[in-house]
Amino acid sequence: EAQVTQNPRYLITVTGKKLTVTCSQNMNHEYMSWYRQDPGLGLRQIYYSMNVEVTDKGDVPEGYKVSRKEKRNFPLILESPSPNQTSLYFCASSFTGTATEAFFGQGTRLTVV
Amino acid sequence: AQSVTQPDIHITVSEGASLELRCNYSYGATPYLFWYVQSPGQGLQLLLKYFSGDTLVQGIKGFEAEFKRSQSSFNLRKPSVHWSDAAEYFCAVGAYGSARQLTFGSGTQLTVLP
Numbered sequence: 001e002a003q004v005t006q007n008p009r010y011l012i013t014v015t016g017k018k019l020t021v022t023c024s025q026n027m028n029h030e031y032m033s034w035y036r037q038d039p040g041l042g043l044r045q046i047y048y049s050m051n052v053e054v055t056d057k058g059d060v061p062e063g064y065k066v067s068r069k070e071k072r073n074f075p076l077i078l079e080s081p082s083p084n085q086t087s088l089y090f091c092a093s094s095f096t097g098t099a100t101e102a103f104f105g106q107g108t109r110l111t112v113v
Numbered sequence: 114a115q116s117v118t119q120p121d122i123h124i125t126v127s128e129g130a131s132l133e134l135r136c137n138y139s140y141g142a143t144p145y146l147f148w149y150v151q152s153p154g155q156g157l158q159l160l161l162k163y164f165s166g167d168t169l170v171q172g173i174k175g176f177e178a179e180f181k182r183s184q185s186s187f188n189l190r191k192p193s194v195h196w197s198d199a200a201e202y203f204c205a206v207g208a209y210g211s212a213r214q215l216t217f218g219s220g221t222q223l224t225v226l227p
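Heads up: the protein sequence lines correspond to chains A and B, in order. The first sequence begins at 1 in our numbering and counts up by one. The second sequence begins at 114 in our numbering and counts up by one.
Because the hints were derived from the structure by calculation, they are not lab data. A few of these clues could be false.
What the hints assert, rightly or not - Under 8 Å between C-beta atoms, here's a sample of chain A residues computed to sit facing chain B:
1) Leu41
2) Gly42
3) Leu43
4) Phe90
5) Glu101
6) Ala102
7) Gly105
8) Gln106
9) Gly107
All values reported here derive from a predicted model rather than from experimental measurement. Glycine residues also receive a C-beta, built at the ideal position from the N, C-alpha and C atoms.
Only chain A is shown next, with the shape it has when bound in the complex (with noise of 0.2 Å):
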């Protein structure tokens, strides 16, 4: 079956705990993304990649990073966590090219208290 998987599906951590949200696709796809969803601003991207080794920012990463070592995988990682990254989290995933269809993983609902 075509999936995103994301783990973990909740977490809740300390501030300034370093934390990794894994993500996973079995599509082969070239495009990797991760967004955050708050209330009333809908997703807004973190960061993306468009292969292994290629990463770039979105429109807020700040406190954020990523890697792409692997074709399938594409981790965000929080160094030290604040409350106001407290948010649902979507990896996504898609082929490269022109706008395509973006498959989504369930996402994480992290809480930084």
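Assemble the complex: chain A is given as a structure, and chain B must be docked to it using the hints.
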């Protein structure tokens, strides 16, 4: 840069009634337009998309959308709403050749009354 406006934050309709969700976009060239649906606790699922050609696009679950260039709109419609359609709906625009891919609107929450 492209942008998307969904003017209705929340819409309530009765089951069986018709539905129209509004979406306005801003983009300098011909846009790629999408509607996604997010059910509670779920990721986003593509309902339909417009790239070119016929301006009336059919999607899954009985939804359709019409691209109107003169109004910069891509409104989503359904003739008869079912209780299972209760969800949040997002309009998105993509730019040809852009590495940034999708820009989303702020979403419209749909409530369906029995």
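Exercise for the section: Determine which of the earlier numbered hints do not hold for this structure and return their numbers in increasing order. Expected result: none
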